[in-house]
Amino acid sequence: MRVHAKRAVALAAGLLSPAVVVADWTMNMTPGVTGTSNQIFSLHMTILWICVAIGVVVFGVMFWSIFAHRKSQGAKPANFHENTVVEILWTIIPFAILVAMAIPATATLVEMYDTTESEVDIKVTGYQWRWQYEYINEDFGYFSSLSTPRDQIENRQAKGENYLLEVDNPLVIPVGKKVRFLLTANDVIHSWWVPEFGVKKDAIPGFINETWTRVDEPGIYRGQCTELCGKDHGFMPVVVEAVPEEEYNAWVAEQREAAEKERQLTQKDWTLEELMARGEKAYATACAACHQADGSGAPPAFPALKGSPIATGDMTAHIDIVVNGKSGTAMQAFGNQLSEVDLAAVITYERNAWGNNTGDMVTPKEIFDYKNQQ
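Residue numbers (mature numbering (1 follows the signal peptide of the UniProt record, and there is no 0)): -23 to -1, 1 to 351.
Honestly, the hints are just simulated from the structure, not real lab data. Each hint should be verified, as a subset may be incorrect.
In silico DMTMM-like cross-links for lysine to aspartate or glutamate, where the CA-CA straight-line distance does not exceed 25 Å [what the hints assert, rightly or not]:
#1 K238 x D98
#2 K178 x E237
#3 K154 x D179
#4 K303 x D164
#5 K154 x E194
#6 K100 x D179
#7 K154 x D91
#8 K177 x D271
What follows is a list of derived Cβ distance ranges for each label pair [stated by the list, open to error]:
#9 G332 x T93: 49 to 59 Å
#10 I27 x E94: 25 to 35 Å
#11 E94 x W67: 41 to 51 Å
#12 A265 x A84: 41 to 51 Å
#13 E222 x K100: 26 to 36 Å
#14 L249 x R133: 43 to 53 Å
#15 Q351 x M22: 52 to 62 Å
#16 V76 x Q129: 48 to 58 Å
#17 K136 x G37: 42 to 52 Å
#18 T248 x E88: 54 to 64 Å
In this text, a Cβ means the ideal position worked out from N, Cα and C, and glycines have one as well.
Modelling step: build the complete structure from the supplied sequences, incorporating the hints.
Take a look at the structure:
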């Protein structure tokens, strides 16, 4: 009896637990934090209630007809054909409904596509599998990559609150300013989506798509790439931090100063230890997703770098494949993705990590000269 009782309790818990979960679900859109997202929500609710009214009328007439003219009450089916009045009505009424729905929808679409008079312009480029943000009028830019630890992804550690929705460098924008996004991609089609902004736009290689937003409330807003873009599609989050204008201006000044210092680092005399330390970080951000943190790769698409002829052989060939990529393969060109310092550091790291131990060191000046010779 005890066994049966335990089974009954377990069954009851299993049947009740979905109900608890369902209670946390929401079946509707949310308004968001921008004028556009609120317009989309209002349009959605308007169309929803129009559809509800149509459903009530149509099904109401249908059920009334079935009930009032049932055979048991002696109703006789009418025999008629081609009622002109009915045909005119069922043409005019749906047409009027569609026009009534099209007016607010068109107004919302016109507003969504109006990217004029922007106050901040940001170019967004999709890469496998991260985003590059370039502040067009500020002369700086950076990459934004997933920062969720691999231990969480591989279930060796408890998952954090923002699992797979956290990055190392969020996009920073000012509150109350119209921000225009110019979207493109370097390799395959991506899609930049932040639901609370009401913004979702494809990033297509060779094309520039435009969209915009104006955030009304400071905060951190999260989204994802919503176009299937390869094996790490699910590891390509979007994080936007909206801050007050004063804070944004101070941040821009810091970024411009940091970009200038980065350019000056090309002339610095680097040691092997410094390049290895920086290269390890650059490798984890730009290379580990494909070639693995331990250099073992994921053959055949992503060959191992540990003991590889590329990483232990001719240095010029190694520089060339990192800078220019390899046509016909998944190896991207990192010449425009990484700075000369990071390129030198990651190549140095690959030539000396995982037991490669070539002792070779590539300097940022060598990378700079190599790129200028091409």
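**Prompt:** Could one say that the CB atoms of I27 and E94 fall in the range 25 to 35 Å?
**Reply:** holds, 33 Å
**Request:** Take the C-beta atom of G332 and the C-beta atom of T93, compute their distance, and say whether it sits inside 49 to 59 Å.
**Result:** holds, 57 Å
**Message:** For K303 and D164, compute the direct alpha-carbon distance and say whether it is at most 25 Å.
**Reply:** holds, 13 Å
**Restraint check for K178 with E237, where alpha carbons must lie at most 25 Å apart** = Violated - the C-alpha atoms of E237 and K178 are around 32 Å apart, more than 25 Å.
**Prompt:** Between K154 and D91, is the straight-line Cα distance small enough, at 25 Å or below?
**Reply:** Answer holds: K154 to D91 is near 14 Å, not above 25 Å.
**Given pair status - E194, K154, alpha carbons within 25 Å** = Roughly 11 Å between the alpha carbons, so the hint for K154 and E194 holds.
**Request:** Take the C-alpha atoms of K154 and D179, compute the straight-line distance between them, and say whether it is at most 25 Å.
**Result:** holds, 23 Å
**Message:** Taking 48 to 58 Å as the stated bounds, is the beta-carbon spacing between V76 and Q129 within them?
**Reply:** With a Cβ separation near 52 Å, V76 and Q129 satisfy 48 to 58 Å, so the hint holds.
**Request:** Take the C-alpha atoms of K238 and D98, compute the straight-line distance between them, and say whether it is at most 25 Å.
**Result:** holds, 23 Å
**Message:** Verify the CB-CB distance for L249 and R133 against the hinted window 43 to 53 Å.
**Reply:** violated, 32 Å
**Request:** For the pair supplied as a hint, K177 and D271, confirm whether the alpha-carbon distance does not exceed 25 Å.
**Result:** It is violated: about 36 Å lies between the C-alpha atoms, which goes past 25 Å.
**Asked** Is it true that E94 and W67 lie within 41 to 51 Å of each other by Cβ?
**Response** holds, 45 Å
Of the numbered hints stated above, those contradicted by the structure are hints 2, 8, 13 and 14, listed in ascending order.
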